[in-house]
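Asks: Take these sequences, add in the hints, and give me the full structure.
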Amino acid sequence: MRPRTWVLLLAALFAVLQLANVSGRDTPDTRNYLSYALSLRGDSKREAAIATIEHYCAGKASIAHRRQNVNVVRFHRPDPAPGVMAKCRAKEWPEVEKRLEAGRTAGHTVPFAAERFMRIFEVRPGYPVFLVPFVTVFGVTWGLWAAGVTVAAAGGVLVFLTLRTLSVPLPLALTGQALYYVLPCGAIAMRPMTEGLLMALTLAAVWGCALALHGRRAGLALIAGALAALFTVKHSQAVFLGVCLAGAGALIALTRRLKGRAPGRDIAAVAGVGLGAALGTVVLAMLLGYPSASESVQDLLADHFTRPDRADPWPEFLQLSLNFWTEWLRRQFWEPLFLAALGAGLFGALRRPTFGAFLIAAAGTGILTQAGHPDINIWGGRLIALAWLLPVIGVPLLLEHLLRAQVSLPAQGHSDRAHSMR
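Quick note, the sequence shown lines up with residues -20 to -1, 1 to 402 if you use mature numbering (1 follows the signal peptide of the UniProt record, and there is no 0).
Worth flagging that the hints you see were computed from the coordinates, not collected in a lab.
Just so you know, even glycine gets a beta-carbon here, dropped at the ideal spot from N, CA and C.
There may be inaccurate statements among the hints.
As the list claims (entries may be wrong) - Label-pair distances were calculated between CB atoms; the ranges are:
id: 1; residue 1: I358; residue 2: D289; range: 17 to 23 angstroms
id: 2; residue 1: R311; residue 2: G260; range: 46 to 52 angstroms
id: 3; residue 1: A273; residue 2: P316; range: 28 to 34 angstroms
id: 4; residue 1: L382; residue 2: A66; range: 53 to 59 angstroms
id: 5; residue 1: A248; residue 2: P316; range: 53 to 59 angstroms
id: 6; residue 1: A242; residue 2: R290; range: 48 to 54 angstroms
id: 7; residue 1: S274; residue 2: E75; range: 25 to 31 angstroms
id: 8; residue 1: W305; residue 2: R241; range: 35 to 41 angstroms
id: 9; residue 1: A273; residue 2: S24; range: 31 to 37 angstroms
id: 10; residue 1: I358; residue 2: S274; range: 17 to 23 angstroms
Replies: The following block contains the structure:
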């Protein structure tokens, strides 16, 4: 079969497997993005609220039903789904209705929480815009599922394209695509949140780096386009990725100069695009009045603005961060798959030092995202998901290096034997 046939086959297999969970993937933040998308397609605030609450509560009811089915004590009891559905509606709708009656009708999101908290989602139109055609054509439940499958499958394809640009053999490029689907990043990309789109756009920028390093001008346009799109999805990620790419480029240039080599125009161009995007994002966010880093810290420490603001939040934030990373490391040592995968990916990335620096920089934005929100209770490690891009691309690069070394060793041994016979 042609390479594209294998790529499509892997993506299709992943999509079929995702039919196992069409509903029940939502988080509370999903309500904000979904209501934003419904508002963009023309629904009124009340219509968007009803559709969003129905979907969100149906997901909770589905999870309750599945959990009881395998509960060793309650599996034979009546289905809890209707009761969970009614309780969820009774909890969600009165709060929203009260805020709507109080005049909270501005913006695109339904007022599920405090106005300051909802402002954080109002400045993220990218993901809701992406959802609009899916929820319009397929309805809310299947639309969210189809959007998740599309963006998750696209992430795997971008991994494949990146590896093929680096001249990695077809089987190993397909391995990278498969790793994206089977590692936690695949499940996280399927969730109706921004992470799937963030990973896909970050991978587009990484592919752009690979193209640029091979002298393809289209690579720079791809990086710039990905960074611009990231601004609309989550502008902090655009800042992180821009700064990290610029830092990686500067580090490569410095290393080359110390070795007496020219830095290279391609590296300088990638670093320049990253730095320009980061500075542009910061300036544009300030001009548009986007929530600042201080506001984000207050949101974290004041439990989404349900408690009074901290007078001096930064010392508390630093203390929480120290506690978080201590506990995070303890859990990682307990189940060290993530650390082992990062280590293998790092070794693989270093086999291609120039590209590897940009790959490490892109994956490092996952660490920065987690550091900006040190909440151990966020389920599934979605904030740090971008760090999985390092093993997804790095492991195939490591395997390529090992296979080439294995092939060259017998060849070298045969050459030595022939030389000794002469």
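Asks: Could you tell me which of the hints above the structure violates, numbers in ascending order?
Replies: Numbers 2, 5 - these are the hints that the structure violates, sorted from lowest upward.
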